[in-house]
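Enquirer: Chains as they are written, first to last, in our numbering: chain A, 26 to 819; chain X, 30 to 348.
A few of these clues could be false.
Only pairs whose alpha carbons sit at most 30 Å apart, straight line, appear in this in silico DSSO-like list of lysine-lysine [stated by the list, open to error]:
(1) K137/A x K52/X
(2) K148/A x K305/X
(3) K58/A x K31/X
(4) K137/A x K31/X
(5) K58/A x K69/X
(6) K137/A x K332/X
(7) K818/A x K332/X
(8) K69/X x K143/A
(9) K486/A x K52/X
(10) K169/X x K143/A
(11) K69/X x K818/A
(12) K169/X x K818/A
(13) K514/A x K46/A
(14) K332/X x K484/A
(15) K69/X x K84/A
(16) K148/A x K69/X
(17) K160/A x K332/X
(18) K219/A x K69/X
(19) K100/A x K31/X
(20) K818/A x K31/X
(21) K137/A x K307/X
(22) K250/X x K143/A
Hints in this document: simulated from the structure, not taken from any laboratory.
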Amino acid sequence: MVDLYVPTFGVGPYKVIGTRKPSPTAADRVTGKAMYAADFRLPGMLFARSLHCPHAHAKVLSMDTSAAEALPGVKLVMNYFNFPKVFIEPEIYHAGEEVAAVVAVDIDTADKALLLIKVEYEKLPWVGDMIEAQKPGAPMVLKDTKSNMRITTGGFFSELNAAGLWGKRVTQEIRGFGDVEVGFKESDVIVEVKDIRHAMTKGPAAHGLGLTTDYTRSEANKLVTFYTDSKGLYADRNKFAAILGTPIGKARLISPYASGLWGGVMLGVGNRRERSGPISAWASYTLGKPVWHHFNMHEEEVRSCYKCIQANIKIGFKSDGKMVAWEGYYLDESGNQDGSAEGSCERSTPMLAYNRHARHCKLTAGRVASNRLIVGDYVGYGTLHGQFCAEVAMDYAAEALKIDPVELRKINCMQKGGFDAHWNTALAECSAEGHRECLDAVSATTNWKTKWGGWDSIKGKTGVIRHGIGVAIKTHTGGGWAGTAMLCKMFPDGSFELVTSLGDSGQNRPQGELMAAAEVLGLPYERGTIMRGSTDHPYSIMLGGSTGTWNHGFATWEAAMNVRKQVLGLGAELFTPVPTDLNLLDMDQGGVFLKSDPTNKKTYTNVFARLASRVDANGKGTFENRAGSFEVAGYAYRRAPEGLIIPREKGAAIWELDLDTETGEITNLQCSTSDNMGRAVNPPVIENQQTQGAHHGGGWALWTDKTWDPTTGRDLTYNWIYEYPATHMDVAVKMHIVEIFGDKSNPWGATAASEGQPNPHGAAISNAIYNAAGIRMKQSPFTPWKILEALGKV
Amino acid sequence: MKEFIHRNAKTVAEAVAILGEYKGQAAVIAGGTDILSVIKSDLIAGFPQALVNIKTIPGLDYIKEEGDILKIGTLTTLADIASNATVKGSYPALGQAAFRVAAATLRSMGTIGGNLCQRTRCWYYRYPDEMGGRYNCFRKGGTLCYAPSGDNRYHAVVGGQVCFAIVPADTALALSALNATIVTNKRSISIDNFYIVLGTALAPDEIVTEIQVPKPKAGTKQYFYKQAFRRTIDWALVEVGSAITIEGGVVTSSRISLGGVAPMPFLATGASDVIKGKAITEALAVTAGEAAISTMIPLSMNKYKLQISKTLVKRAILA
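If we strip away everything but chain X, and leave its shape as in the complex, we get (with noise of 0.2 Å):
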């Protein structure tokens, strides 16, 4: 593993200072499910200098309800959020992404900050340098996207343009559906706003704080599912989160988010538009799952995605 500084933040502010001080070459850490994954494939050339362990900041671990909003801090483990009893009761799609992420292992260690920022897992993003050398990709500042050209079973089928990786965090899905914003040390973000194509916006001296959901009305009804090849542990082919208000027997108001199709969550408003003022039928949900998926154009190998994203839009509609 190559060498870098570890420098323990007592406060948030000490946190982005280290962060500046570096001029983004620092990297984070707080679980290091992934950070040390990064560091270990030597992922991109001299990066991080330096960890900032944000671990040692108090305050940052904690679910409440404060009014109509839940607040999760950054550092909130992804199986305290999994088992908590306000997040089943009121928001279990959030609930259930956070529980299908990796494994218990993993869950007890990773937080919903890391989750969120986590790199993607394209595998030729991630090839590690030392076989044979590093695939310069765009992402990483060069040139080319490998995907469309290689192997690109599990890349993304809308979004791409330059980088076809797609977001691999289960719980940005759940959040994207109950439309959720994300605090940092400068800002609050709309979830919709929170990923770029080639990863999040944070800027390089910025820190994901907190995380926001708001409270879905009465009448909501929240659905996750998440395919992938075990149940036990992997990333997901094609998920789906969302959240559909229904009032006097019609949609009022829906989010349905995709997850494994994109670079960041995509958030299926054709699907949106065909229910909304709506009575939910199979039919209609069948139409809405087409609708989803028109905008999709994939590459050579990941064509399924857009059978298995059309079925769950209309199994998240229908449920």
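Chain A on its own, in the form it takes in the complex (with noise of 0.2 Å):
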């Protein structure tokens, strides 16, 4: 039997990890019963709607409040003019931005009052995108501004040591290593691929029909609580705590059903001019009443996350496929504010992806404002962007090299111990490869040699449909370090729970933690619950990305560490002679046993009446029959292991299709998808996420693009109707979870997999459809009229 005090970081063998379990949350969230922010009904509670501008850019220059106020019902009217600290400034910048809120007893009630707001404007000159912005004469969105664009900066490495790691890290407008001119000199074969395009819209907002603060407590006890949908509730706390000046201690945070979603992640990184926060917030604080400011379908889907990419990349080789250098010249629409472009770019090229040969990456990175609504990246800060334009390009190249676009990933992917910048320290290294594994898996499923069939096959591929094969990798970043809490408890009956705050996302979600729990106490899954969803429970990080899988990994093995540590002290004591040493004992869900002999269970009723058998200060011993009051608790805070380099997703999809070259319709699309996670604690929680992956990567790629108006910059995808996430019926889906073990960020061996999922798919199915038709599709989505230009046929 294993010694559970060492972790065996995957190998096992594990009587519950690994094995398939249902999330404890799931009939909750399919049946209904499930509390969202937006379902809780609080005495007294007042309703707050917004007023939307229906101009591009403009500025408020008045408003006519009165009618609104003297409607019956109407509590409270807020603008800049009353509320700048919720406002901000006067002037708008997209259509469809706030400019007013009403508070009323009801949502009719602030509907109509909205309707009664008397807005004057100021129309000023806009311009609907990315690429109308760049354009000479293009009005400038942001004040104070000469271009739309700006380059931003990041770290330019030198001083290469014999392992291949950069030693020193300097900040400056170009991003890499080395000297791509002399790269370029030193290859055989030089790739170059302009202005590729790629964009995500991921619908709904951040915060699901909005949320509600209740700021209604006694001056003595200034308590504020928010209800929002969020996966960091911690992390969040204090962003909701600075809108009100609040103490990061009075501020609580509710959210017991949350997943993917970041409840704060407007208030900061996400969007400066975010207000629904803010204007719940201080209605609440004005009225002293619980209010919530709700969205409907339409505010979601206008507020919903949007985000452009554009690129031009330049990639030198050698003969025999491996990479030498790496030049890129990256665009991230950033809307109405001056956002940064970070991650879109550095994490699919030599940087990280493909840090194997290349010691030459120049890098330039930069973004572009526009009167459009930009929520954020999403997706690990763009990578989903960056891994598009990037894997488009090296299948260009593997053309260009006459090399299987297999077998060049494979040459080039990512390499354990090669350079991680995106660490942004000197000398940081790549902890764990597996995109050769992911590539061999998929490869073999789809019988990838057979089907590819070779460069020149394209041109012999003839009749009106045609079948196509491509393929792409992912690689993505895991999320950061800082620590995380949770509380053990077991009881008499054999039960036990763990209490925490973690969100519902990564491979350690409520289940994941529940099954490390039951693995460390021997105990089954399904006698363990999970208390989560408040900041009354312990901290947890916010999980961006597997965050919490080493995070949360240790957290959870230590806390349930202590608890079978007292467990079995106290069953020790029922066994004649008591064993001196607490590995010679085991537990089960029967009760506490010897090793040696494990007919021989001491019932967990005895082992925690011993709880209440002991000899006071006094000296005078006790005992009170009472054993099923009582539970025996572990508590651990940790971080991940002190100098561990936290490993990325690494993945690799190959999609298939069929293509239709005289309506440009695609149809029969299958995915393969494959994600080296280290050990997969619960397998059905990666195959979800591969299969969400590939049905939200693929639907962005084929058919969603975020659409306004040319004459009025508003949004014209205000609904779900023009969100296209493909569904099973869509897309079949075969998944590859692919074990790698012995990563020592998670007490199970496990690593990332979550937040890169849709990485690959876009890609991939750009470089199917040239298998299939000989055309080049490096702007997204691939839409029926886009294929029939491309073909000739429009």
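Take the two lone chains and join them into the complex the hints point to.
Expert: Listed below in structure tokens is the structure:
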């Protein structure tokens, strides 16, 4: 039997880890019992609704709110002139931006009052997207700027050591290392691809149907409670507290069923002009009542996340396919704010994904402002966008080199021990690899070699319907190091409980933690429960990507181990002689037993009764037969192990499709996708992520286009009708779990597999279209009209 | 959601009376999959003041063949039509069209009457009032259609004139091909006249009660194909429904109808003229496809619809 005092980092054998367990929240979610932030109704609750600007760029000159204020049931009308902290400034930067809010006794009254508000606008020149914004004479989006484009800074590395790591980092506008001019001179084949574009739209918005603030406590106890859907309650708590200047300790967040949502992201990293939180908070503060700022379907959709990238990429290779140099120029659309552009470019280049051979890399990254709402990068700082550009360019390169595109990636993909520039520190070492295994998995399943057929096979394809196949890899960041806490409890009936504020994201979402605790305690998974969803519970880091895998992994392991030690210690006292080494004991659902005699079990009722048979401070022995009222608890606060370089997400995808050359229609979509996530704690979680990643990544690449009206700048994709994630009936997804054990970033050897799931699919589809019909689709979405244009049919 | 009066009708006459009472400011609700969306978006100022629920009228949910006429009650769900053996056997184009409407849940709620009478999905017409104010387009009584100067990728390429919104009813294509008749409380209307540029020809106090489809002659081949982004739910980019009768090796009659290209089902009479009296060949079908689009004039962003239209017409003929 494996000694569970020592993590085996995935090697096992395990009883629970690696088995297939259902989510503890699934039943509530699918039956409607789950209470999301918008489902809470509090005594005396008021309702806030927003007035949206019809213009893409304008200044609010004046506002007459008298009629709205006079409407029975209206409690408060908010705008820039009476709540400048909420509305920041009178200037409006995108159509649909909030210019006022009405707080009333119900939603209908608030909506009626909105219609009574009269706003005087000064219309200002506007520009609709990043392409238009770069043209000479384009209106300036941001104040006091002479260009809508700004190059952002990053790290340039030098002083390469013998191990292939760069030793010195300087912050400047050019990112990378080496000298690409030298690199291109050394190259036998140079490939250059210009004007690659990829956009994604992710709905719904960060706050599902809005959020509620409850600032109704007495003066003596100024607690403020926020009901918001968030996977990072503690990260958001600080931002929410800052809205009102509330001490952090007096701010509570409630979010019982959050999953991939980022409740406070708009308040900080997303968009400085986010107003839902401030409207709700200041209205509640002013009126002394709980206030729900309500979004409806259209408001959610217009506020949904959007981001576009435009890139030029030049890559140099030796004739054997080894990459020598990479030069890239990347622009990210930042909408109405002065955003950064770092993640979109770096992770898909020799700075991480292709770190094996290339020693020359020069990346220039900038942002372009436009009069659109860009909520945030989403999907890991824009790695989806950068990956699309890189993986499309790699297919061009494979063709120029006359190399199998799978093989080209295997020659150059991320190498353990290679440089990992994204940690922004010198000498940062890439801790893991796995692309090759993932490529092998999807290649075998799809019979890649035969179906792909070589570069010359494309010319031989005839007929109206043509089958194509394409490949791409993914590489993704995996979150940060900040610590996290877990409280584990066990009870006399052999059940256990975890208490945390863990969100529902990444490998170790709640069922993963329950499985980990069950493994340590030797108890059935089904005997466990998890309490979470509030800052009343122990601290948890925001779960970006698979951050929780390594942070929660060790916290849960240690908390459960604390319980295990205590229970074994209590149980030991029931044996004669009392074992001096707890490693001689084990526990399962039947009780505590000697490993040498598993048949002689001491039930937990008897074990926990020992808690009541103690000698008190006066030396008097006592025993109370009320074991049922006891619990054994263990608490742990852990960070990922010191010095650990957190592994990246690694995977590959191959897409197959049929392309109708007369209609541009793409059908028979099939996706084979793979991930190396170390040990899959709960395989269905990985499979679910893979499926969703294929559906979303495929839908963005094929169909979804955030569209604005060229005459008004308004978002025309204001409805879910215009979101096109693929469904199970649209795409057949074959999932592959590629396990490589031994990673020490998690007690079970689990590594990252989460946020980057959609990343490879757009490029793989683009490459499959080329394989089918010989047309390069380097600007998504690949709609029928774009395909027909490329085919010369339109 | 705005306030409205909800009235349950027990008979068609009562429903019509309520509609008349509100003088065009009331709407019919059956499955509700479209009208509730209209209300939530506050699409038309003040409309509707009342909803007339016709689900409470008994006897409007049926599929039956009487003589050579298929009769479908207006409350029959799209799911029932798609799975009906008679429909699938003798009117397969209609069955396939019903199956391609939206997704399974919506087909279980949505009715054939509602599918035919739903409002267009033009994104200017449907723009929600709360997001900065509705577009007061021509269809809503304004003076301008916003599509020609705006983003018109999904709009009409023929028959637009003053409004370039397209008819969204998949079943209308099949019914057009099958030369159906729409029966209301007042009259019987040929499917060819049921749609006008700005919607349906129904009067404010007129309700569709039944759809009648003549049984196709022996030797008639039917075809339906809907090209949409996804095959699971989306509205058509372009779709085709056809019924082509071949006797003695030559086409004796045909009705080929295109959707997604006009405010109403676009009957490709040019294509029918090309194939009439002739044996079908690939070349003939290509020529017919070209004829089908000969009167189409694309807007700035929807030229692709012509290519798809002529292809689908060709395939319908060759099917």
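Enquirer: Indicate, hint by hint, whether the structure satisfies it.
Expert: Results of checking the hints against the structure:
1. K137/A x K52/X: Roughly 24 Å separates the two Cα atoms, so the pair holds.
2. K148/A x K305/X: violated (58 Å)
3. K58/A x K31/X: holds (27 Å)
4. K137/A x K31/X: holds (9 Å)
5. K58/A x K69/X: holds (25 Å)
6. K137/A x K332/X: violated (42 Å)
7. K818/A x K332/X: holds (10 Å)
8. K69/X x K143/A: Given pair K69/X, K143/A holds - Cα atoms ~23 Å apart, limit 30 Å.
9. K486/A x K52/X: Violated: K486/A and K52/X sit about 62 Å apart, past 30 Å.
10. K169/X x K143/A: holds (23 Å)
11. K69/X x K818/A: Roughly 40 Å separates the two Cα atoms, so the pair is violated.
12. K169/X x K818/A: Not satisfied, since the Cα-Cα distance of roughly 36 Å exceeds 30 Å.
13. K514/A x K46/A: holds (20 Å)
14. K332/X x K484/A: Holds - the C-alpha atoms of K484/A and K332/X are around 27 Å apart, at most 30 Å.
15. K69/X x K84/A: Cα-Cα ~29 Å, so holds.
16. K148/A x K69/X: Holds. K148/A to K69/X sits at ~29 Å (cutoff 30 Å).
17. K160/A x K332/X: holds (26 Å)
18. K219/A x K69/X: Answer violated: K219/A to K69/X is near 44 Å, above 30 Å.
19. K100/A x K31/X: holds (20 Å)
20. K818/A x K31/X: violated (47 Å)
21. K137/A x K307/X: violated (63 Å)
22. K250/X x K143/A: Distance ~60 Å between K250/X and K143/A Cα, so the pair is violated.
Violated hints for the displayed structure, listed by number in ascending order: 2, 6, 9, 11, 12, 18, 20, 21 and 22.
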